[in-house]
Amino acid sequence: MSATTFAQHLLTGISLGGAYALIAIGYTMVYGILRLINFAHGDIFMISGYFMIFAMASFPWFIAIPVALIGTVILGVVIEKAAYKPLRSAPRMSIMISAIGVSYLLENLATYLFTAIPKAYPEIPFLKKILTFGGITTSLVTLLTPVLTVVLVVLLMQLINHTKIGMAMRAVSKDTEASRLMGIKVDNTISMTFIIGCLLAGIGAILYFTDRMTVYPYSGSLPGLKCFVAAVLGGIGSIPGAVIGGFIIGICETFLVAFGYSTFSDAFTFLLLIIILLVRPTGLFGEAATDKV
Amino acid sequence: MNKKTRNTILNILLVALVVGLLCFFQSDTSSHSYAISIIERSVIYAVVAVAMNLLNGFTGLFSLGQAGFMAIGAYVTAILTIPVEMRDSVYYMNGIAGWLHDLHAPMVVALLIGGLFAAAAAALIGIPILRLKSDYLAIATLGFAEIIRALLAAPMMDQITNGSYGLNNIPGFKNIFQPVALAVICIGIMVLLINSSFGRAFKAIREDDIAAEAMGINLFHHKELSFVISSFFTGIAGGMLAIYMRSIDTKTFQVMLTYNILLIVVLGGIGSVTGSVIGSFLINGGQEWLRFLDDDTFKIMGVHIPLFRPGFRMVVYSVLLMVVVLFWRRGIMGNNEFSWDGLFGLFKRKKKKVSAGGES
Amino acid sequence: MAENVLHVENMTMQFGGVVAVNNLSLDVNEGEIVALIGPNGAGKTTAFNMITGVYAPTNGKISFKGEVMLENHPQGKMVKNYLGENDGMYDKTIVKTPDQITKLGIARTFQNIRLFKSLTVFDNVLIARHMCSKANVFSATFRLNKREEQANREKTLELLRMVGLEKEKDEIASSLPYGKQRRLEIARALATEPELLLLDEPAAGMNPQETDELSEFILKIKKDFHLTVLVIEHHMELVMSISDRIYVLDFGKLIAQGTPEVIQNDSKVISAYLGVQEDE
Chain A
1 MSATTFAQHL
11 LTGISLGGAY
21 ALIAIGYTMV
31 YGILRLINFA
41 HGDIFMISGY
51 FMIFAMASFP
61 WFIAIPVALI
71 GTVILGVVIE
81 KAAYKPLRSA
91 PRMSIMISAI
101 GVSYLLENLA
111 TYLFTAIPKA
121 YPEIPFLKKI
131 LTFGGITTSL
141 VTLLTPVLTV
151 VLVVLLMQLI
161 NHTKIGMAMR
171 AVSKDTEASR
181 LMGIKVDNTI
191 SMTFIIGCLL
201 AGIGAILYFT
211 DRMTVYPYSG
221 SLPGLKCFVA
231 AVLGGIGSIP
241 GAVIGGFIIG
251 ICETFLVAFG
261 YSTFSDAFTF
271 LLLIIILLVR
281 PTGLFGEAAT
291 DKV
Chain B
1 MNKKTRNTIL
11 NILLVALVVG
21 LLCFFQSDTS
31 SHSYAISIIE
41 RSVIYAVVAV
51 AMNLLNGFTG
61 LFSLGQAGFM
71 AIGAYVTAIL
81 TIPVEMRDSV
91 YYMNGIAGWL
101 HDLHAPMVVA
111 LLIGGLFAAA
121 AAALIGIPIL
131 RLKSDYLAIA
141 TLGFAEIIRA
151 LLAAPMMDQI
161 TNGSYGLNNI
171 PGFKNIFQPV
181 ALAVICIGIM
191 VLLINSSFGR
201 AFKAIREDDI
211 AAEAMGINLF
221 HHKELSFVIS
231 SFFTGIAGGM
241 LAIYMRSIDT
251 KTFQVMLTYN
261 ILLIVVLGGI
271 GSVTGSVIGS
281 FLINGGQEWL
291 RFLDDDTFKI
301 MGVHIPLFRP
311 GFRMVVYSVL
321 LMVVVLFWRR
331 GIMGNNEFSW
341 DGLFGLFKRK
351 KKKVSAGGES
Chain C
1 MAENVLHVEN
11 MTMQFGGVVA
21 VNNLSLDVNE
31 GEIVALIGPN
41 GAGKTTAFNM
51 ITGVYAPTNG
61 KISFKGEVML
71 ENHPQGKMVK
81 NYLGENDGMY
91 DKTIVKTPDQ
101 ITKLGIARTF
111 QNIRLFKSLT
121 VFDNVLIARH
131 MCSKANVFSA
141 TFRLNKREEQ
151 ANREKTLELL
161 RMVGLEKEKD
171 EIASSLPYGK
181 QRRLEIARAL
191 ATEPELLLLD
201 EPAAGMNPQE
211 TDELSEFILK
221 IKKDFHLTVL
231 VIEHHMELVM
241 SISDRIYVLD
251 FGKLIAQGTP
261 EVIQNDSKVI
271 SAYLGVQEDE
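Protein chains in written order, with this note's numbering: chain A, 1 to 293; chain B, 1 to 360; chain C, 1 to 280.
Okay, chain A solo, but in the shape it has when bound (with noise of 0.2 angstroms):
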């Protein structure tokens, strides 16, 4: 393999990384918070595709980019208040089985509405720019997406350390029944947290999808369970870990395929998980919870 297309498999999979980084967040977040694994964020991640695809068919892309945004973060609050916030006291199974649930509506729904067809997915003109240096072609959307993952974590990296929602947040993640005495509003918490998550998700789809063109009611699932991977691989819990195990497995995937492996690139993904699992339960950047007897 030459230095060119050595780099030329790196950006890319640095890109790839960029956007599970993004929707690693949001399981991250939510993890953290509500100890449960989002099954759904990963759907929620598809159908910002489809929201984006129908905010183009009538808007210029810089309106429709707003619009899919809050409709992804709408249908991520929705399906907290509807799905979650009802099981807070259940057992976690119960709340497990719920975010599956949501998973199957949302996968099945969008069969429905929108068959289960792979539909194209709009150009935003600009991010197809084609740029060349050195021997290297790419377009600007795979530049862009690492950097602006980069932006966008140490903009919230501000928020949760800086300002009194970020302290809400940190409070809630440790003890939700303190901070419910501490006077912490903790269904908004939550909701801000769903919010967050939905919008980093909704931004990741639009880097994502541009790349890859197509949008089908499945094409959430498995990028989701990856990026819930990441998650685990950086430490739940963690934001920075969130990222670094979205930029590894987006890397290690890129370059599985481009040795012809492509087959055994997602089998990869969990391996890495069952290995993480096993040696450092709590990730790289993790903090290890004691169970009190």
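Some hints here could point you the wrong way.
Claimed, not checked - Calculated cross-link-like contacts (lysine to any residue; reagent style SDA-like; alpha-carbon spacing at most 20 angstroms):
| no. | chain 1 | residue 1 | chain 2 | residue 2 |
| --- | --- | --- | --- | --- |
| 1 | C | Lys169 | B | Ser33 |
| 2 | C | Lys169 | C | Arg153 |
| 3 | C | Lys117 | C | Ser63 |
| 4 | C | Lys134 | B | Lys133 |
| 5 | C | Lys222 | C | Glu32 |
| 6 | A | Lys85 | B | Leu320 |
| 7 | B | Lys174 | B | Ser33 |
| 8 | B | Lys133 | A | Phe285 |
| 9 | A | Lys164 | A | Ser238 |
| 10 | A | Lys129 | A | Phe62 |
| 11 | C | Lys146 | B | Val191 |
| 12 | C | Lys134 | C | Thr120 |
| 13 | A | Lys81 | B | Arg329 |
| 14 | C | Lys155 | C | Phe225 |
| 15 | A | Lys85 | B | Phe327 |
| 16 | C | Lys134 | B | Leu219 |
Hints listed in this document are in silico derivations from the structure and should not be mistaken for laboratory results.
Quick caveat, the model's predicted, so the values are computed rather than measured.
Position chains B and C relative to chain A; hints supplied.
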């Protein structure tokens, strides 16, 4: 007549009714092919659902690897039962591995071997992943099922699994009694296990693992046992599914299959064997009865319903799952088992309510 | 001199920078009732959790009837912030799991009752008999162990009769009143046929009358089952009336030991409970 004799008589009547019904369907397979197909699929799904319940409902281990273990059972059974003379045509693209070409086994033996392969895979994977906590275990088993699927589809396995072409020409069931009898045996054994002292130990782990350990129950040993046994029966059910479908490929065993079984378990009631069986018949039967939902030419009293078109049935299904999860968390049976006493008790209570309502 | 049952040597438990139990040594001899007391957070329950194998001690050795169950030495990071004033450092690592320790003959109850909540009272005790059954999964499934199963059921019934829960045997464990749940937990522990019984605050949340009944109950089961008892308790009346010897822990350290009379008059114990007066 005391309760015991009444229940015995009712049980005999029920068995007679079921056997009679099966004989009736079997007497004219061509005109009842529809019903036979539903029953066969229902009993196969019932076996997987009960096996899943053994893990999720009774041992408290949330596993989502069912599709993977079914795939193992299905492929082993299929490879062993495809008639030797058909093999060259089944594997016409890649050819079949020499050592495998003449390896053939009768149906029941093939199913058992399929189950053993699934159990062996479970034993191996269980050592690392059963230490994980609830939701991590779910995602790890889900991932494991995907790994199995990728391995079965891998180009290196082409001469064994026929890669993406899948396997066909699998001999089907000779009559409806075969799958039903197999399912009854499998479920029967699992019920016996659940009611044995090991079954109680499993429940103890579900209730409180720290207390269970303090009572001398080796957590890992028992979790592994439950996982291996559940996977064994899941593998057998996978083999039965291969025989039922007559042709399989790796797409059959996607995550969706696991979710469908989860739907059955949740609908029937987590922790109820009879619930799982009832759930399986309702879901599989419903899939056929509700076919009209997918039919865009269907009319109710001459009125065309605009919602009905392909895919609507699955939407109704998923809404149903959500309704059960949110509003009816216990499912049909909760964690109780069906009994005649319970059934009559239900009627009596209703009657009392009605009469009490009348008096006031 | 009665035979030594439990021997704890320099047991230390460190959670990060906190030393929950510091260099604790204690002995329990056959047929004794020994109490472990101390203010809240003194490390009593942590000591119990180490003896029963829930936690592996950072340093120290625990043996049961001469057999070493747990032995550990500070490792890695722990060495650096190890604060124990240890008399001995141990070089071996022996860690038995809780189920193995139960099989050796140590049974326990929990501070915050841990019953199998949605199972019946009868099943709660019967589950504890699982450990004693010799059947493997095959013979148990196909009912080839009928006689053993029958014996276990009879034994369970007998135990329930002895603790006075026979009438409630088919009730769901979580529906029992608090005092009966405590009794059920003890009955369940007894079903494992222990030689040493560890009771973690058995009188917590009980009224004076229930407490009196409890102390009689403990004395009775001790006699009937030939038990040795180690008990954690805050209720001083109970402790003083039943125990042969008392160990007092404060901030993870042993501050006093002896007979109830000695402890009652120990100035260190009094100050640990009432606080030290500052001289100014």
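Cross-check of the supplied hints:
1. Lys169/C to Ser33/B: Distance of about 51 angstroms is beyond 20 angstroms: violated.
2. Lys169/C to Arg153/C: Given pair Lys169/C, Arg153/C holds - Cα atoms ~12 angstroms apart, limit 20 angstroms.
3. Lys117/C to Ser63/C: The hint is violated at about 32 angstroms.
4. Lys134/C to Lys133/B: 29 angstroms, violated
5. Lys222/C to Glu32/C: 9 angstroms, holds
6. Lys85/A to Leu320/B: 18 angstroms, holds
7. Lys174/B to Ser33/B: This hinted pair holds, its Cα atoms lying about 13 angstroms apart.
8. Lys133/B to Phe285/A: Holds, because 19 angstroms separates the two Cα atoms, which is no more than 20 angstroms.
9. Lys164/A to Ser238/A: Distance of about 19 angstroms is within 20 angstroms: holds.
10. Lys129/A to Phe62/A: 16 angstroms, holds
11. Lys146/C to Val191/B: Status holds; Cα separation ~17 angstroms.
12. Lys134/C to Thr120/C: Roughly 23 angstroms separates the two Cα atoms, so the pair is violated.
13. Lys81/A to Arg329/B: With a Cα-Cα distance of about 17 angstroms, the restraint between Lys81/A and Arg329/B holds, given a limit of 20 angstroms.
14. Lys155/C to Phe225/C: Status holds; Cα separation ~13 angstroms.
15. Lys85/A to Phe327/B: 13 angstroms, holds
16. Lys134/C to Leu219/B: 17 angstroms, holds
Consistency note: the structure conflicts with the earlier hints numbered 1, 3, 4, 12.
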